[in-house]
Amino acid sequence: MNWTALIVFIVFFLLVTVLGFLSARWRRGDLNHLNEWGLAGRKFGTVITWFLLGGDLYTAYTFIAIPALLYGSGAIGFFGVPYTIVIYPFVFLVMPRLWSVAKKHGYITASDFMKGRYGSSTLALAVALTGIIATMPYIALQLVGIQVVIQAMGLTGTGFMGDLPLIIAFAILAAYTYTSGLRAPASIAIVKDLMIYITIIVMIIVVPARLGGFGHIFAAAQTALPNTFMLSPKAFSAYGTLAFGSALALFLYPHAITGTLSASSRGVIKRNAALLPAYSLLLAFITLLGYMAISAGIHTKDTSAVVPLLILKELPSWFAGFAFAAIAIGALVPAAIMSIAAANLFTRNIYKEYFRPAATPAEESKVAKIVSLVVKLGALFFIVVLPKSYAINLQLLGGVWILQTLPPVVIGLFTRWFHRYGLLLGWLAGMITGTTMAVLNHFKGSVFALHFGSTVVPAYAAVWALIVNLVVAVIVTAVLRAAKVGAGEDKTVEADYEVDAATT
Amino acid sequence: MLHIDSTSVGKRGAIMEKARRSRRSKLWYILLIVPFIGTMFPSLYASATPTLWGFPYFYWYQMVWVLISAIITYVVYRATKEA
Numbered sequence: 005m006n007w008t009a010l011i012v013f014i015v016f017f018l019l020v021t022v023l024g025f026l027s028a029r030w031r032r033g034d035l036n037h038l039n040e041w042g043l044a045g046r047k048f049g050t051v052i053t054w055f056l057l058g059g060d061l062y063t064a065y066t067f068i069a070i071p072a073l074l075y076g077s078g079a080i081g082f083f084g085v086p087y088t089i090v091i092y093p094f095v096f097l098v099m100p101r102l103w104s105v106a107k108k109h110g111y112i113t114a115s116d117f118m119k120g121r122y123g124s125s126t127l128a129l130a131v132a133l134t135g136i137i138a139t140m141p142y143i144a145l146q147l148v149g150i151q152v153v154i155q156a157m158g159l160t161g162t163g164f165m166g167d168l169p170l171i172i173a174f175a176i177l178a179a180y181t182y183t184s185g186l187r188a189p190a191s192i193a194i195v196k197d198l199m200i201y202i203t204i205i206v207m208i209i210v211v212p213a214r215l216g217g218f219g220h221i222f223a224a225a226q227t228a229l230p231n232t233f234m235l236s237p238k239a240f241s242a243y244g245t246l247a248f249g250s251a252l253a254l255f256l257y258p259h260a261i262t263g264t265l266s267a268s269s270r271g272v273i274k275r276n277a278a279l280l281p282a283y284s285l286l287l288a289f290i291t292l293l294g295y296m297a298i299s300a301g302i303h304t305k306d307t308s309a310v311v312p313l314l315i316l317k318e319l320p321s322w323f324a325g326f327a328f329a330a331i332a333i334g335a336l337v338p339a340a341i342m343s344i345a346a347a348n349l350f351t352r353n354i355y356k357e358y359f360r361p362a363a364t365p366a367e368e369s370k371v372a373k374i375v376s377l378v379v380k381l382g383a384l385f386f387i388v389v390l391p392k393s394y395a396i397n398l399q400l401l402g403g404v405w406i407l408q409t410l411p412p413v414v415i416g417l418f419t420r421w422f423h424r425y426g427l428l429l430g431w432l433a434g435m436i437t438g439t440t441m442a443v444l445n446h447f448k449g450s451v452f453a454l455h456f457g458s459t460v461v462p463a464y465a466a467v468w469a470l471i472v473n474l475v476v477a478v479i480v481t482a483v484l485r486a487a488k489v490g491a492g493e494d495k496t497v498e499a500d501y502e503v504d505a506a507t508t
Numbered sequence: 038m039l040h041i042d043s044t045s046v047g048k049r050g051a052i053m054e055k056a057r058r059s060r061r062s063k064l065w066y067i068l069l070i071v072p073f074i075g076t077m078f079p080s081l082y083a084s085a086t087p088t089l090w091g092f093p094y095f096y097w098y099q100m101v102w103v104l105i106s107a108i109i110t111y112v113v114y115r116a117t118k119e120a
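One line per chain: the protein sequences are A and B, in this order.
Numbering of the first sequence is given in my numbering, commencing with residue 5 and proceeding in unit increments.
Numbering of the second sequence is given in my numbering, commencing with residue 38 and proceeding in unit increments.
FYI, nobody ran anything at the bench for these hints, they're computed from the structure.
The structure displayed is predicted, hence computed values, not measured ones.
Each hint should be verified, as a subset may be incorrect.
[As the list claims (entries may be wrong)] The calculated DSBU-like cross-link candidates involving lysine-lysine, where the alpha carbons are at most 30 Å apart (straight line), are:
(1) 108(A) x 63(B)
(2) 305(A) x 392(A)
(3) 448(A) x 118(B)
(4) 108(A) x 47(A)
(5) 47(A) x 305(A)
(6) 47(A) x 107(A)
(7) 392(A) x 108(A)
(8) 495(A) x 118(B)
(9) 118(B) x 107(A)
(10) 495(A) x 47(A)
(11) 238(A) x 370(A)
(12) 63(B) x 495(A)
(13) 317(A) x 238(A)
(14) 448(A) x 238(A)
(15) 356(A) x 495(A)
(16) 370(A) x 107(A)
(17) 305(A) x 238(A)
(18) 107(A) x 356(A)
(19) 118(B) x 108(A)
(20) 305(A) x 448(A)
(21) 63(B) x 238(A)
(22) 63(B) x 47(A)
(23) 356(A) x 47(A)
(24) 108(A) x 356(A)
[Stated by the list, open to error] Estimated spans, in silico, between C-beta atoms of each pair:
(25) 7(A) x 115(B): 45 to 55 Å
(26) 88(B) x 305(A): 24 to 34 Å
(27) 457(A) x 118(B): 48 to 58 Å
(28) 163(A) x 115(B): 52 to 62 Å
(29) 289(A) x 112(B): 20 to 30 Å
Cβ coordinates follow ideal geometry from the N, Cα and C atoms, glycine included.
Work the whole structure out from these sequences, hints included.
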C-alpha cells in the first residue's frame, strides 16, 4: 500500500470536490434553467473554453489506453496525433456555424438543430439516441481510468471493498454535478489540465533523462517491437482512416457539442481551434510514454497498467500521488460533461419531445439532473458488475455509430440538399454496416479489411459505414426529390449560421 | 431627367466592396486542407530516417505538423476576421 501516493492523491481529490460544489456560484445563473445547468448559460470565454474542451477531449481513458496501444502494437498507436491534428481545421470551419444557429434558436443539443433544420422528429430522435448510446460506454471507460490508478496505489481488494473507492469517487462526482451542472467540470478542468501539463512536462524531462535519452528509448522500443515499430505499408490505409474517421467523429459526440455550445461567441471557438493543438502536442508525448515504459523495463500483460507502472517506477511516491490524482480527476471532468450532455439530449429530445411537451424550464432542469445521475449510476454498474471488455467493445461501436450522424448534422449546417428521409435511411444503413463489421471482427479491433477482388483494403469500420451512409443518403434524396416528397419545414435561414454574440 | 443619387452609388459600391472582400476571405479557408494533406497519407512519412534529436522521422514529422497546423489555423483566423 503506497501511503505517500495515497495521501497526496486524497488531498487533491478533496480540493477539486470543494471546487465542484463552489462552482455553482461562478458566473451566477438560474440553475433551474436547462440552459444554465446544461450549458452554463453560454458564458464561457476563450480561456475557460480552452480548459473545458481540453479536459473534455483528453480524458483519463486517453492517458491510459493510448500509451497502452503504443506499448502493445507499435506505430499504429500513434494515430491519436494525426487525429488531433486534423480535428482543429474541421472545428474551425464547422462548429462556429453550429454555435450560431444554436444561439439564435436556443438549441441545446444537435438533435434540437435536426428538428429545426429538417422538421423531422424521427431524424432528431435518431441523432439523440445515437448520441446517448455512444456516450454511455465512454463514461464507463473513464471509471476504468480511475480504477487503474486506485489499484496502482495498492488499494486492491475483491468484491465490494475493492470497488468502494471507485463508488465513493463517483458519488462525490454525482453530487456536485447535480448541484452545479456544467460549471463544475469547467472549474475542475482548470485544475485537472494544469495538473496533467505539470505531470507530463515533468515526465518527459525526468524519464528520458533516467533512460538515456529519446534515441535510447526508441531503440529499445524497436528491439521489443521489431515488426510494428515502423508503420508497414499494409497498415497505411488503416492508420489514415483511423485518424480521419476519429477526427470527424469527435465533435459529433454530445459532450464535445455541449462544450462548444457553452462558448460565449464564435470567436471563442475559432481561437480555440488555434490554441487547443497545445493539447495535441501533449498527447504526442503521452503516447510516447508507451515506448518509455518498454525502455524502462515494464513488463505486463495488462497494457492498461503500463502508465501507472511507469509512474511508480520512475518517479517518487509523492509525485506519483499527484500524477494519479491528475489522471483520476482527468476521468471526472469528461465523465461529468458526458453525463450532462446525455442528460441534455434525453431531456430535450426524448422527454420534452415525446412525453411532456409542456414542461417548464424548471422541470426540464430537474429531469436533466436526475437523468445525469442515472446515467452515471448505469456506467458504474457497467464497470463494477460486467467485465471490462463489454465497455471497451461498446465504446468501439460508439465511435462507429456517432460518425453516422455526420451527414445530417455537419452537412446540414451547410446545405439542405439532402432529404430528411434520405438522411434517416443513410444513417440506418451506416449503423447496420458499422455494427456488422465490428461483429464480424469479433470486436478485436475497429479496422475492417474489405476485399475488392484481389486487393484488400483495411480501413476504419466507421469510415466504411460513413461511405455507405452517404451513398444511400444521396440515392434516396435524389429519388425523393424527383418524386417531390415533402421535405419538412426549415426553421433556419442562412443568416442564422453567421450570428455572433452581441458586442456590447 | 436622369437623377444620379450620389448616396445610392456610394452604398452600392460599399456592398460590392464587401462582397469582393468576402470572396477573397473565403479563399483563405482552402489553407485548412493543408494539415489534412500533410498527415493523412502515411506513405509520405512512414520511415525511420532522417532522425531528429533521437526521434525517428515518422514520429517527429507528425509532432511538427501539430505546430504547423496550429499556425495555419491561427493565420486563417486572423485573415478571415471581420473587421
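### Query
Out of the numbered hints, which ones does the structure contradict?
3, 5, 7, 11, 13, 21
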